[in-house]
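Top to bottom, those sequences are chains A and B. In case it helps, the UniProt record's numbering puts the first sequence at residues 1 to 367. In case it helps, the UniProt record's numbering puts the second sequence at residues 1 to 238.
Source of the hints: derived by calculation from the structure; they are not laboratory data. Think of the CB as a built atom: it goes at the ideal place given N, C-alpha and C, for glycine as much as any other residue. Just to be clear, a hint being listed does not mean it is correct.
[Claimed, not checked] Pairs of lysine to aspartate or glutamate, DMTMM-like flavour, derived with a Cα cap of 25 angstroms:
1) A:K196 <-> B:E89
2) A:K196 <-> B:D130
3) B:K140 <-> A:E11
4) B:K109 <-> B:D66
5) B:K140 <-> A:E66
6) B:K210 <-> B:E89
7) A:K198 <-> B:D130
8) A:K198 <-> B:E72
9) B:K131 <-> A:E11
10) B:K84 <-> A:D46
11) B:K84 <-> A:E11
12) B:K84 <-> A:E199
13) B:K47 <-> A:E199
14) B:K27 <-> B:D166
15) A:K198 <-> B:E76
16) B:K140 <-> A:D124
17) B:K109 <-> A:E199
18) A:K198 <-> B:D90
[What the hints assert, rightly or not] Away from chain B, derived, C-beta distances all over 12 angstroms, residues of chain A:
19) M1
20) Y13
21) I15
22) I30
23) N54
24) S70
25) R90
26) Y127
27) K196
28) D204
29) L207
30) P210
31) I216
32) L357
33) F360
[What the hints assert, rightly or not] Reference listing, derived: stretches of chain B covered by chain A, where coverage requires no fewer than 3 residues with Cβ under 8 angstroms from a Cβ of chain A:
34) 49-62
35) 68-79
36) 226-238
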Amino acid sequence: MQSYLAFVRKEFYHILRDTRTLVILFGMPIAQVLIFGYAVTNEFRDAPVAVIDNARDELSRELVHELVSSGYFKLVDQPATADELDALFRAGEVKLGVFIPPDFESDFFRRKQTTLQFLADGSDPNYATTLLNYGSQIVGNFQQRHAGGPENYQVGVEMQLMYNPELISAYNFIPGVVAIILLLISAMMTSLTIAKEKEMGTMDLLLVSPLSPLTIILGKVTPYVLLSMSNALLILLLGYFVFDVPVLGSFWLLTGFCLLYVLTALSLGILISTKASSQQAAMMGSLFSLLMPSMLLSGFIFPITSMPWMLQKVSGVIPATYFIELLKGVMLKGLGMQYLWFPTLVLATMTVVLLSLSWFNFKIRTK
Amino acid sequence: MNVITATNLTKTFGNFTAVDAISFAVKRGEVFGFLGANGAGKTTAIKMLIGLSKPSGGSTTVAGFDLTTQSEKIKERIGYMSQKFSLYEDLSVRQNINFYGGVYGLSRKTIRSQTARILDEVELQANANDKVGSLPLGWKQRLSFAVASVHDPDIVFLDEPTGGVDPATRRQFWEMIYAAAAGGRTIFVTTHYMDEAEYCDRISIMVAGKIAALGTPGELKQQYQANSMGEVFLRLVR
Numbered sequence: 001m002q003s004y005l006a007f008v009r010k011e012f013y014h015i016l017r018d019t020r021t022l023v024i025l026f027g028m029p030i031a032q033v034l035i036f037g038y039a040v041t042n043e044f045r046d047a048p049v050a051v052i053d054n055a056r057d058e059l060s061r062e063l064v065h066e067l068v069s070s071g072y073f074k075l076v077d078q079p080a081t082a083d084e085l086d087a088l089f090r091a092g093e094v095k096l097g098v099f100i101p102p103d104f105e106s107d108f109f110r111r112k113q114t115t116l117q118f119l120a121d122g123s124d125p126n127y128a129t130t131l132l133n134y135g136s137q138i139v140g141n142f143q144q145r146h147a148g149g150p151e152n153y154q155v156g157v158e159m160q161l162m163y164n165p166e167l168i169s170a171y172n173f174i175p176g177v178v179a180i181i182l183l184l185i186s187a188m189m190t191s192l193t194i195a196k197e198k199e200m201g202t203m204d205l206l207l208v209s210p211l212s213p214l215t216i217i218l219g220k221v222t223p224y225v226l227l228s229m230s231n232a233l234l235i236l237l238l239g240y241f242v243f244d245v246p247v248l249g250s251f252w253l254l255t256g257f258c259l260l261y262v263l264t265a266l267s268l269g270i271l272i273s274t275k276a277s278s279q280q281a282a283m284m285g286s287l288f289s290l291l292m293p294s295m296l297l298s299g300f301i302f303p304i305t306s307m308p309w310m311l312q313k314v315s316g317v318i319p320a321t322y323f324i325e326l327l328k329g330v331m332l333k334g335l336g337m338q339y340l341w342f343p344t345l346v347l348a349t350m351t352v353v354l355l356s357l358s359w360f361n362f363k364i365r366t367k
Numbered sequence: 001m002n003v004i005t006a007t008n009l010t011k012t013f014g015n016f017t018a019v020d021a022i023s024f025a026v027k028r029g030e031v032f033g034f035l036g037a038n039g040a041g042k043t044t045a046i047k048m049l050i051g052l053s054k055p056s057g058g059s060t061t062v063a064g065f066d067l068t069t070q071s072e073k074i075k076e077r078i079g080y081m082s083q084k085f086s087l088y089e090d091l092s093v094r095q096n097i098n099f100y101g102g103v104y105g106l107s108r109k110t111i112r113s114q115t116a117r118i119l120d121e122v123e124l125q126a127n128a129n130d131k132v133g134s135l136p137l138g139w140k141q142r143l144s145f146a147v148a149s150v151h152d153p154d155i156v157f158l159d160e161p162t163g164g165v166d167p168a169t170r171r172q173f174w175e176m177i178y179a180a181a182a183g184g185r186t187i188f189v190t191t192h193y194m195d196e197a198e199y200c201d202r203i204s205i206m207v208a209g210k211i212a213a214l215g216t217p218g219e220l221k222q223q224y225q226a227n228s229m230g231e232v233f234l235r236l237v238r
């Protein structure tokens, strides 16, 4: 116990001495949250729109007004011809073009087929799709309001987004950032600090001392568990106070899940460090085998269901996938253990398997 | 009294025999030089003696305990200083001493008195709170030796302790070794420097996994009709 405490104290000295690491540890989560919150966002306002209004009647003016007053679009120009619209697109001045056909109002009220055309700048596909969706939704509402009446047999669709009715992107990225940061601190920092002892030769000294390997590992990871948990809290607080991301479920359950995930990440870090003999190898190992896949394939940035079969399988072995599911479950849906036992079980199993693998590797090395 | 007795100590890796049934004894308070060319099995042998590697055969005792069955007991009685300089460079002199004291389970009081003794011995009182990384190499090595003895071990293993420093600094380091040996501590040292071999009480020279020669520097020079340990070494290794 005493030697364990001496070890933990030493690790804290290392961390506190290294101001650069400290800045990264606490600066990065804040930077990530703010970057994702303000820069990388799917929400939009005032998208520049140009309208070619060939009808120029009451109804067409009303439609344009409706588009603009929604707040999502801003009318920047009303070109007369398709060529002029094309020029606007090329110059990047508009992202959406609306073409209203002649006789719009009369065709509409005579119930003849009339078609609006929407043109979007597909060089940014996500943005374009979002613009088109919002545009057609506004037109749909507009149509329903004006075309009421008994002889109208349209099927109306009422849409509701559950758990995140306003489509706030913070609901998605706050859990994602927590998953990435915890992985970074727990797995990468741990593998780095163990690899450093090996590189410097101090590991041999520790192994020659009466310290058991278990004490060495526990002493190594304890400070990082504390750092990870305080970082998770920091991100959740930022999410709550800056971006209004709620925690509907139990706070203690959330803490428990964070701790479980930290353990999984730590065992990954330990496993990497049993293989890597230098800090550089450990760094590369963590970056490419953990951080990249976790960013891209955990469902944080791209939805898992739209991935090809192979990548879905890869996603299924990434701890962050399950952790994000747990976080969203507790924070946004207020779920309890009866709905979340499966991802919990997966994470726990992963942790046990990873720790056994590390132990096995360690045994081989000391033979 | 012998503090290390190795009888047919062996290490094999698959078909390759790195250490081939070597036998030797080291007396208490002796400065025992363990020499050999690179790849002769010297590092493997020392790794077995300090418990970093399990012997494949033979019966060996270190500090009175059996190497295969009581390696945990041995760890408490030995100190080790590796060829890679092995203190934490980003911690201060005092923090390093405190840490290793804590690792060996010393009481707070003992750690305090040991810290004072070590600072005195290495003449670092004024630099106790400096980062180890800022000290000159010779000082780091002497500090490293002192820290390896913080728990008052029976034997200290030094694996090429003086690599990269000038002869004057090496001489200073050996003064410390003699002082420790005079106090009854056994020193087991490997080295590349033949002038250092002359300083040892007895020397063993490993060639191809076996001990090819063992004796005092004087005996060995006589036996191989050489003027220096360097000549003895070259004759054996060729």
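Checked hints:
1. Annotation: proposed proximity of K196 of chain A to E89 of chain B holds, straight-line Cα distance about 12 angstroms (limit 25 angstroms).
2. With a CA separation close to 21 angstroms, the supplied pair K196 of chain A and D130 of chain B stays within the 25 angstroms bound.
3. Taking the CA atoms of K140 of chain B and E11 of chain A, the gap is about 21 angstroms. The hint holds against a cut of 25 angstroms.
4. A hinted pair counts as satisfied when its Cα atoms are at most 25 angstroms apart, and K109 of chain B with D66 of chain B does not qualify at roughly 31 angstroms.
5. Our distance criterion of 25 angstroms between C-alpha atoms is broken by K140 of chain B and E66 of chain A, whose separation comes to about 77 angstroms.
6. For the given pair, K210 of chain B sits about 37 angstroms from E89 of chain B by alpha-carbon distance, which is inconsistent with the 25 angstroms threshold.
7. The suggested pairing of K198 of chain A with D130 of chain B holds, with an alpha-carbon distance near 24 angstroms, which does not exceed 25 angstroms.
8. For the hint pairing K198 of chain A with E72 of chain B, the CA-to-CA distance comes to about 21 angstroms; that is within 25 angstroms, so the pair holds.
9. Restraint check for K131 of chain B and E11 of chain A: satisfied, since their Cα atoms lie roughly 15 angstroms apart, inside the 25 angstroms limit.
10. The suggested pairing of K84 of chain B with D46 of chain A is violated, with an alpha-carbon distance near 63 angstroms, which exceeds 25 angstroms.
11. Using a Cα cut-off of 25 angstroms, the hinted pair K84 of chain B and E11 of chain A holds, with the two alpha carbons roughly 20 angstroms apart.
12. As the CA atoms of K84 of chain B and E199 of chain A are separated by approximately 9 angstroms, the hinted pair is consistent with the 25 angstroms bound.
13. Of the supplied pair hints, the one linking K47 of chain B and E199 of chain A holds, its CA atoms being roughly 17 angstroms apart against a limit of 25 angstroms.
14. This hinted pair does not check out: K27 of chain B and D166 of chain B have alpha carbons roughly 30 angstroms apart, beyond 25 angstroms.
15. A C-alpha spacing of about 22 angstroms is found between K198 of chain A and E76 of chain B, which places the hinted pair at or below 25 angstroms, so the restraint holds.
16. A threshold of 25 angstroms between alpha carbons decides the hint, and for K140 of chain B with D124 of chain A the separation of about 59 angstroms lies outside it, so the pair is violated.
17. Taking the CA atoms of K109 of chain B and E199 of chain A, the gap is about 33 angstroms. The hint is violated against a cut of 25 angstroms.
18. A threshold of 25 angstroms between alpha carbons decides the hint, and for K198 of chain A with D90 of chain B the separation of about 15 angstroms falls inside it, so the pair holds.
19. In this structure M1 of chain A is not separated from chain B by more than 12 angstroms, as the shortest Cβ-Cβ distance comes to only about 9 angstroms.
20. Separation of Y13 of chain A from chain B is inadequate, the least Cβ-Cβ distance of about 5 angstroms not exceeding the 12 angstroms criterion.
21. The beta carbon of I15 of chain A sits about 10 angstroms from the closest Cβ of chain B, which is not more than 12 angstroms, so the claim that it is off the interface is violated.
22. Residue-level check passed: I30 of chain A sits 25 angstroms from the nearest beta carbon of chain B, beyond 12 angstroms.
23. The claim that N54 of chain A lies off the interface holds: its Cβ sits roughly 73 angstroms from the closest Cβ of chain B, which is beyond the 12 angstroms cut-off.
24. Remark: the non-interface label on S70 of chain A is consistent with the geometry, its nearest Cβ contact in chain B lying 58 angstroms away (cut-off 12 angstroms).
25. Annotated as non-interface, R90 of chain A keeps its C-beta farther than 12 angstroms from every C-beta of chain B; the closest such distance is 57 angstroms.
26. With a least beta-carbon separation of about 47 angstroms from chain B, Y127 of chain A lies farther than 12 angstroms from that chain, consistent with its non-interface assignment.
27. Not every C-beta of chain B lies more than 12 angstroms from that of K196 of chain A, the closest at about 10 angstroms, which undercuts listing it as non-interface.
28. Look at D204 of chain A: its CB is around 5 angstroms from the nearest CB on chain B, not clear of 12 angstroms, so calling it non-interface is violated.
29. Annotated as non-interface, L207 of chain A brings its C-beta within 12 angstroms of a C-beta of chain B; the closest such distance is 6 angstroms.
30. The Cβ of P210 of chain A sits about 4 angstroms from the closest Cβ of chain B, inside the 12 angstroms cut-off, so the non-interface label is violated.
31. The beta carbon of I216 of chain A is not kept farther than 12 angstroms from every beta carbon of chain B, the shortest such distance being approximately 10 angstroms.
32. The Cβ of L357 of chain A lies farther than 12 angstroms from every Cβ of chain B, with a closest approach of about 21 angstroms, so its non-interface assignment holds.
33. Every beta carbon of chain B lies more than 12 angstroms from that of F360 of chain A, the smallest distance being close to 16 angstroms; the non-interface claim holds.
34. Chain A is given as covering the segment 49-62 of chain B, and this holds because 5 residues of the stretch bring a CB closer than 8 angstroms to a CB of that chain, at least three being needed.
35. Counting residues of the segment 68-79 of chain B whose C-beta sits closer than 8 angstroms to any C-beta of chain A gives 4, which meets the bar of three, so the coverage hint holds.
36. Here's how the segment 226-238 of chain B fares: 0 of its residues keep a CB closer than 8 angstroms to some CB of chain A, so the rule of at least three is not met and the hint is violated.
In summary, the numbered hints that this structure violates are 4, 5, 6, 10, 14, 16, 17, 19, 20, 21, 27, 28, 29, 30, 31, 36.
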